[in-house]
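Chemist: Construct the complete structure from the given sequences, taking the supplied hints into account.
Sequence order for the protein chains is A and B. Residue numbers for the first sequence, in UniProt numbering: 1 to 584. Residue numbers for the second sequence, in UniProt numbering: 1 to 104.
In short, the hints are calculated from the structure, not lab data. Heads up, some of the hints might be wrong.
Cross-link-like lysine-lysine pairs, in silico, DSBU-like; alpha carbons within 35 Å at most [what the hints assert, rightly or not]:
| # | chain 1 | residue 1 | chain 2 | residue 2 |
| --- | --- | --- | --- | --- |
| 1 | B | 54 | A | 274 |
| 2 | B | 39 | A | 317 |
| 3 | A | 274 | B | 39 |
Computed beta-carbon distance windows for the label pairs [to be verified]:
| # | chain 1 | residue 1 | chain 2 | residue 2 | range |
| --- | --- | --- | --- | --- | --- |
| 4 | A | 316 | B | 58 | 29 to 35 Å |
| 5 | B | 2 | A | 24 | 55 to 61 Å |
| 6 | A | 182 | B | 2 | 14 to 20 Å |
| 7 | A | 256 | B | 39 | 46 to 52 Å |
| 8 | B | 35 | A | 163 | 14 to 20 Å |
| 9 | B | 78 | A | 316 | 35 to 41 Å |
| 10 | A | 322 | B | 86 | 26 to 32 Å |
| 11 | B | 46 | A | 163 | 17 to 23 Å |
| 12 | B | 39 | A | 241 | 46 to 52 Å |
| 13 | A | 570 | B | 2 | 29 to 35 Å |
| 14 | A | 570 | B | 15 | 46 to 52 Å |
| 15 | B | 50 | A | 346 | 48 to 54 Å |
| 16 | B | 62 | A | 488 | 55 to 61 Å |
Only some residues are given here: those of chain A computed to face chain B with a beta carbon under 10 Å [claimed, not checked]:
| # | residue |
| --- | --- |
| 17 | 166 |
| 18 | 176 |
| 19 | 178 |
| 20 | 180 |
| 21 | 182 |
| 22 | 191 |
| 23 | 258 |
| 24 | 315 |
In this text the structure is predicted, and so the values were computed from the model without any measurement. Glycine residues also receive a C-beta, built at the ideal position from the N, C-alpha and C atoms.
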Amino acid sequence: MNNNYQDKQKLLQEKKEKIARLKEEQMRQQLQIASVRLPQQITQVEENADSNQSSHQAQPTQNQGVIAPPQQSDLISLYLQTKRKKLGFQTIEMYSNNPAPPQTEVMTIEFGVQCDFEIQQQKQENDDQVIPIMENVRRDSRKKREILQSAEKVIEKVEKNISMEEINSIVQSQSFQRFFSRSSKTIEKAIHGGEVDVLEDLMNTQQVAQEIGKDNLTKLLSFSDKVYTENRVVTSIQWSPTLPNTFLAAYSQNEEGSITDQVGVVLLWSLQLKSRPEFYCFANSPITSACFHPFSPNVVLGGLYNGQVVVWDLRAKHTPEKRSTLNSGGHSYPIYGLSIVGSQNANNVISSSNDGRICIWNLAQLNQPQKIIDLKTKNKQQTTNPQVEVNSTCMVFPQGDANNFYVGAEDGCIYKSKLHQNTNENIVIPFEEHLAPVSGISLNSSPQASPIISNLLLSSSFDWTCKLWNTRTQSDNKCLATFECSEDYVYDVQWNGQHPSLFSTTDGEGYVDLWDLSYDLEAPITRYKSGNNSINKSQWSKDGTKIAIGDSFGEIQILQLSQKAQKVDHERLAKLEQWIKSEK
Amino acid sequence: MSDIEETINRIKTHKSVQGIVICNNDGQIIRSTYGTESKEGENIARTIPTLAAKAKSTVRDLDSNNELTFLRIKSKNNEIMVAPDKEFLLIVVQGPKEEKKEDE
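Modeler: Quick look at the structure:
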């Protein structure tokens, strides 16, 4: 008995050694076995299994214990080989998802000790490691893929801990900058918007709130940027014809700023992005007028104080893409009037500068204007020159008209002229009534306006008044009505784009007056005080529900028009038209 | 580079924003306001890109002319906003919405 026991002990020892040796061999072999071979192994295994199963019940389990864990994934083992120097049976189990092998392994050893010991050895000597795998494979075939995948992931994660230098280089790259500027704006809109959809109009929710309010004008938002708008006068505001809820604002120079500040700034603001401008455009001279290109959504034009016309492409960069020359071909005085006339296919840029010069440009060729017109008028002071230039401060074209235009001048007159005239002389027809420079003119562009109303021209002046003209009747050139409620320079007048008889005036005291001609010709329906700063420019939105006002310190406020004021009273409107007809 | 930091700061200091993670499509963090102590940043960078990719492909499958512009996950405790891109993602986690109304 004792001998037997000792023998068995010895045999057990030998067996253990052999197992250890076999493990080592298998470790080495796995490195050579390609993962592609696995499926082949499996099929072989299955074939062998079918034949051997009945006779070698014990063996499969035994050999399983020895072989299975390594077989589970070549990739796992490869990884382990590369990453860890010591590979033992234990560590392999830790990285496999299959709990079975450890159990079988334990069983195997016991089995091996007690019975079929010698057969097992033969099997191992035959190096037929493939056979016993089949049981394991059947059990693990579903799990094999998961294991493989998780192993791959483990490898990838360990290998790809990128360094700080890589991160920095990524951050500096162009694509990252572009991605970040775009996505951060979207995120900021989403954060501010709260429940409202990022892409949706803020308007709807605001309008509902306003019906409860009694005021005709209520403040919605205010826009200013510490860096770019402080102490700068807002010289131009225009709502985008294509993008919803977006407008541009041009600013003059910051007189109290440092030398390194940008001199000319045009900012594009979006109503949804309240914290900062959507786009920046810079120029090297203060910008006196700016407008969107109605037919190219990404193009913004600007007229500078030095007489240059510049073009920005919003997709490209912050500085102008194109600019006109400063030589005798173009302007050399501040450009106060800038507009684009024509149709999609044939459009021209018209710019008017303070010295009375009007240039027609083709965007493709900004180095020279296509046509130059010098507006001149009769010299009232009888000096040697019979004609004197028109010092224009504003220019407006009727909608759809590419020939006739109106210019307001510093001598208080409004001149009507044509771009293309038959004679060589430039004939201007003056409307003389204002006693001080004309600061703003506006033509009624409401789609609901009857032909009579759409000929009405409004002008604001530094003589504290605003006048209404009928452009049809040129006979005596008398104004239809004068609006005097302001006690300071009136800086701007604008017809509401939708309501045919509604317009606004802004003055130097910070008042925004809302007038409705169908109600009252003498007094405004609302006087809104927006602050203490004089309001230089204003512009109604395309849908006529909001007005953007820019003051002399760089702040832009958006005011909401009440529903009540937006309603058009057709009876009263008809009466107004009657009155206009009769005033001849 | 500093513009990025400025903007991240501005978003971070907004009310109810809990954290920001910028990562690439593989889940590697490029910028994160979570810090390396808490695992939150890593968890976000590990799980969100796959979800965003799935959302992207779903939108494409439904309409081949369409593409994903923004992904927002509202949950009980917080709200995760993802602005995806070809290679990167900007992820912002925001707490529950405040009861503040829009400025009048």
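Chemist: Hints first: check each against the structure and report whether it holds.
Modeler: Status of each hint after checking the structure:
1. For the hint linking residue 54(B) to residue 274(A), the alpha-carbon distance of about 32 Å falls within 35 Å, and the restraint holds.
2. Taking the CA atoms of residue 39(B) and residue 317(A), the gap is near 39 Å; set against the 35 Å cutoff, the hint is violated.
3. Proposed proximity of residue 274(A) and residue 39(B) is supported: the alpha carbons are some 33 Å apart, at most 35 Å.
4. One distance hint, 29 to 35 Å for the beta-carbon pair residue 316(A) and residue 58(B), holds here, with the actual separation near 33 Å.
5. Distance hint for residue 2(B) and residue 24(A): a CB-CB separation of about 58 Å, consistent with the stated range 55 to 61 Å.
6. A C-beta distance of roughly 18 Å is found between residue 182(A) and residue 2(B), which places it inside the suggested range of 14 to 20 Å.
7. Range check, residue 256(A) to residue 39(B): about 50 Å between beta-carbon atoms, so the 46 to 52 Å window is met.
8. Distance hint for residue 35(B) and residue 163(A): a CB-CB separation of about 18 Å, consistent with the stated range 14 to 20 Å.
9. Roughly 38 Å separates the CB atoms of residue 78(B) and residue 316(A), a value that falls within the hinted 35 to 41 Å.
10. Separation of residue 322(A) from residue 86(B) is about 30 Å and conforms to the stated range, judged on CB atoms against 26 to 32 Å.
11. Look at residue 46(B) against residue 163(A): about 19 Å separates their beta carbons, and that is inside 17 to 23 Å.
12. Separation of residue 39(B) from residue 241(A) is about 50 Å and conforms to the stated range, judged on CB atoms against 46 to 52 Å.
13. For residue 570(A) paired with residue 2(B), a C-beta distance near 58 Å fails the hint of 29 to 35 Å.
14. A C-beta distance of roughly 47 Å is found between residue 570(A) and residue 15(B), which places it inside the suggested range of 46 to 52 Å.
15. Between residue 50(B) and residue 346(A) the CB atoms are about 52 Å apart, so this pair conforms to the stated range of 48 to 54 Å.
16. The supplied range of 55 to 61 Å is met by residue 62(B) and residue 488(A), whose beta-carbon atoms lie about 59 Å from each other.
17. The restraint placing residue 166(A) at the interface with chain B holds, with a minimum CB-CB distance near 9 Å, inside the 10 Å limit.
18. Because the closest C-beta pair between residue 176(A) and chain B is about 6 Å apart, less than 10 Å, the hint holds.
19. The interface hint given for residue 178(A) holds, since its Cβ lies 9 Å from the closest Cβ of chain B, which is under the 10 Å cut-off.
20. Because the smallest distance between the Cβ of residue 180(A) and any Cβ of chain B comes to about 6 Å, under 10 Å, the interface hint for this residue holds.
21. Satisfaction of the interface hint for residue 182(A) is found here, the shortest Cβ-Cβ separation to chain B being roughly 8 Å, below the 10 Å cut-off.
22. Restraint check, residue 191(A) versus chain B: the minimum CB separation of about 5 Å is within 10 Å; hint holds.
23. Taken as an interface hint, residue 258(A) does not check out: its beta carbon lies about 18 Å from the nearest beta carbon of chain B, beyond 10 Å.
24. Hint on residue 315(A) is violated. Least Cβ distance to chain B is approximately 16 Å, over the 10 Å limit.
When held up to the earlier numbered hints, the structure conflicts with 2, 13, 23, 24 and fits the remainder.
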